[in-house]
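**Student:** Given only the sequences and the hints, what does the whole structure look like? Please build it.
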Amino acid sequence: MPYLFYTATKGASSTEAIPTFLAELRDSPLPANPDLVPASAGGWPDAFRSLASVLPDGPSIIVLDEVPWLAEQDAIFDGALQTAWGAAAPLNRLSESPWN
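Residue 100, in the numbering used here, is where the sequence shown stops; the numbers in between run on with no holes.
A couple of the hints might just be wrong.
Capping the alpha-carbon separation at 20 Å, the derived lysine to aspartate or glutamate pairs in DMTMM-like fashion look like this [as the list claims (entries may be wrong)]:
id : residue 1 : residue 2
1  : 10        : 66
2  : 10        : 24
3  : 10        : 65
4  : 10        : 72
5  : 10        : 74
6  : 10        : 57
DEER-style ranges, computed between Cβ atoms [unchecked claim]:
id : residue 1 : residue 2 : range
7  : 32        : 76        : 28 to 34 Å
8  : 35        : 10        : 27 to 33 Å
9  : 15        : 58        : 31 to 37 Å
10 : 65        : 32        : 29 to 35 Å
11 : 42        : 67        : 18 to 24 Å
These are computed hints drawn from the structure, not numbers from a lab. We put the CB at the ideal spot given by N, CA and C, even for glycine.
**Tutor:** Have a look at this one:
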């Protein structure tokens, strides 16, 4: 199954974290065409749009480890993540989760 596992670094600024996130995305098994993943983005909203643009049609797994560290360094991270999640809602399968 295609996946992305990204672990944040405590204290890393957004200008450090976002290119690392995109590099991890590019190097992961998630995108069918890694060349579509940019090397940089203007912020977390752009980074999440890049992620959304390379999601496969079928199931996949995305793990963002140490989210609080990302939120500590960027005041809009939480909102950007919520917006990205809301935009992806038609694609996600949480309603099929065994925990619901």
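**Student:** Tell me the hint numbers this structure goes against, listed in increasing order.
**Tutor:** 6, 10
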